[in-house]
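According to my numbering, the sequence shown is numbered sequentially starting from 902.
Quick caveat, the hints were computed from the structure, so don't treat them as lab data.
Don't take each hint at face value.
Claimed, not checked - Each computed EDC-like pair below joins lysine to aspartate or glutamate, with the alpha-carbon atoms no more than 16 Å apart:
{"id": "1", "residue 1": "K971", "residue 2": "D1012"}
{"id": "2", "residue 1": "K1290", "residue 2": "D1247"}
{"id": "3", "residue 1": "K971", "residue 2": "D948"}
{"id": "4", "residue 1": "K1317", "residue 2": "E1300"}
{"id": "5", "residue 1": "K1125", "residue 2": "D1213"}
{"id": "6", "residue 1": "K971", "residue 2": "D1213"}
{"id": "7", "residue 1": "K1184", "residue 2": "E970"}
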Amino acid sequence: MWDETDERNCDVPEPTVEIPALCPGSYHCEPNNSCILFSDICNGQSDCADGFDEEHCDVTRVFDSIMDEKRQNVQWFLNRRSSSKLNKWGLQLPRAAVALYLSDGDFFAPDNKTGQEMRYELAIQLLHAILRTEQLALYVHALLVSCLNPRDFYGRDLVSDLRRRVDNSKYVSPMAVLVLCNAGDPMTNQDVIRLNKTYVSHHRTYWTEIQVLSTMALSCIAFKSNVSVDQSVVRQWTNAAKDITLRDAAEMNPRTVALVIQLMLGTNYSEGFNWRAAVEMIKDPLFLNSSNFLDKYYLIPILNNKGLTAVDRQHCGPFSYNGKNIVQADMWTQDLVNVQYTVWSDEEETVRRSWGIRMPPSSTLYDVILRVQKLEPTHTVKFNVVNGKPYVRSVSNVEEDPETDHYWFTYQRALKSADDHLQLVEDSPLDIRISENQEFILWYRNGMWNTNSYGSGEIP
902 MWDETDERNC
912 DVPEPTVEIP
922 ALCPGSYHCE
932 PNNSCILFSD
942 ICNGQSDCAD
952 GFDEEHCDVT
962 RVFDSIMDEK
972 RQNVQWFLNR
982 RSSSKLNKWG
992 LQLPRAAVAL
1002 YLSDGDFFAP
1012 DNKTGQEMRY
1022 ELAIQLLHAI
1032 LRTEQLALYV
1042 HALLVSCLNP
1052 RDFYGRDLVS
1062 DLRRRVDNSK
1072 YVSPMAVLVL
1082 CNAGDPMTNQ
1092 DVIRLNKTYV
1102 SHHRTYWTEI
1112 QVLSTMALSC
1122 IAFKSNVSVD
1132 QSVVRQWTNA
1142 AKDITLRDAA
1152 EMNPRTVALV
1162 IQLMLGTNYS
1172 EGFNWRAAVE
1182 MIKDPLFLNS
1192 SNFLDKYYLI
1202 PILNNKGLTA
1212 VDRQHCGPFS
1222 YNGKNIVQAD
1232 MWTQDLVNVQ
1242 YTVWSDEEET
1252 VRRSWGIRMP
1262 PSSTLYDVIL
1272 RVQKLEPTHT
1282 VKFNVVNGKP
1292 YVRSVSNVEE
1302 DPETDHYWFT
1312 YQRALKSADD
1322 HLQLVEDSPL
1332 DIRISENQEF
1342 ILWYRNGMWN
1352 TNSYGSGEIP
């Protein structure tokens, strides 16, 4: 049993040699080459002949023996960048952003190139992605650490969207609840009930990670929100996670152990956790040198004494709006206008595209088009210049075609209004001023059908 009084001020030993041939899945005592269980390290009784297993058990130095792995594992993430201009980080971008932030918050300083790349790609992926609830939660987490506002991401409140999905789902991922808590969304008693159902239903050993995430989310609600949470339940769930160090190390997934360590780093109930034994469990070279993305995702934060409950945006200072680098603009404090920019085709409805954009009030439709092109370079718009003013002639390589009488027309309409009729606008995009909750539509259609306005019932 753990004796809290005489173990609290111990310290961790310097790295000792483990001989796999002699002690597979166990801790090696050097003097007599004996083997002891990891659970016997720092348990209050000397199990090695020299008592080395009970020396230096202080949590402040518990990670000393693996801290050299931090740079190597961070570099592993950075090496995953491809040469692509649009897809450097791929589908694991949200997790990569969170892991790098938890390893070093400076990755998202305003002048950090890696952070700039990630912000840019996050914007591109989110502007046209169709996401499941669990995926949306990961993106909200990534926006928090990258200093982009998930409550006002180019006019979209992604936190409210996530909340709506959570409230309407029969099963809720504990990760989604944790993200809502980290994002500062008002938590409810129903969230606690959901977590309890998830925790109880995932009672088998191989579901430990789900239970740990549930405990993280419950701890976040208990300590970061105004919801009253039974502290005995938080303690009970946390204590259950501590028991992981009592299991056979050969049967434990080091990734699971790493997640438990993250939990202990962010809870007030870590007393009695066998830090030394847990660290020994994740020192397996196959894990530390793994090429598995999730292994790295769970490992890197603990090398900086952090866990998923440490995700927030407190490191984000107020960025000023910069028209030349819009991806760096912080949308938390800007006085901007919400507009919708849409592309239609009368023949191929599947090619319709739509972007929610926030722009300075003095912007024109021409500014909106240029911004979308900067966010998504595959969306190209070409212009004819007439009397010094630009007019759209091509969108994403779809050219005006006089032989088939197809041209690009510009329409506008009011959003969130009973009067949602389309109105043809013949001015140059450079002369079309934007206003709040307005939609602009570039419509590729037959010129013979063109009239000055279309009712909402006739919109294809």
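Against the structure, the hints come out as follows:
With a C-alpha separation of about 22 Å, the suggested pairing of K971 with D1012 is violated against the 16 Å cut-off. The suggested pairing of K1290 with D1247 is violated, with an alpha-carbon distance near 26 Å, which exceeds 16 Å. In summary, the hint linking K971 to D948 is not supported, as the alpha carbons are separated by about 31 Å, beyond the 16 Å threshold. Between K1317 and E1300 the alpha-carbon distance is near 32 Å, which puts this suggested pair outside the 16 Å criterion.
For the hint linking K1125 to D1213, the alpha-carbon distance of about 11 Å falls within 16 Å, and the restraint holds. In summary, the hint linking K971 to D1213 is not supported, as the alpha carbons are separated by about 21 Å, beyond the 16 Å threshold. For the given pair, K1184 sits about 10 Å from E970 by alpha-carbon distance, which is consistent with the 16 Å threshold.
Checked against the numbered hints given earlier, the structure breaks hints 1, 2, 3, 4, 6 and satisfies all the rest.
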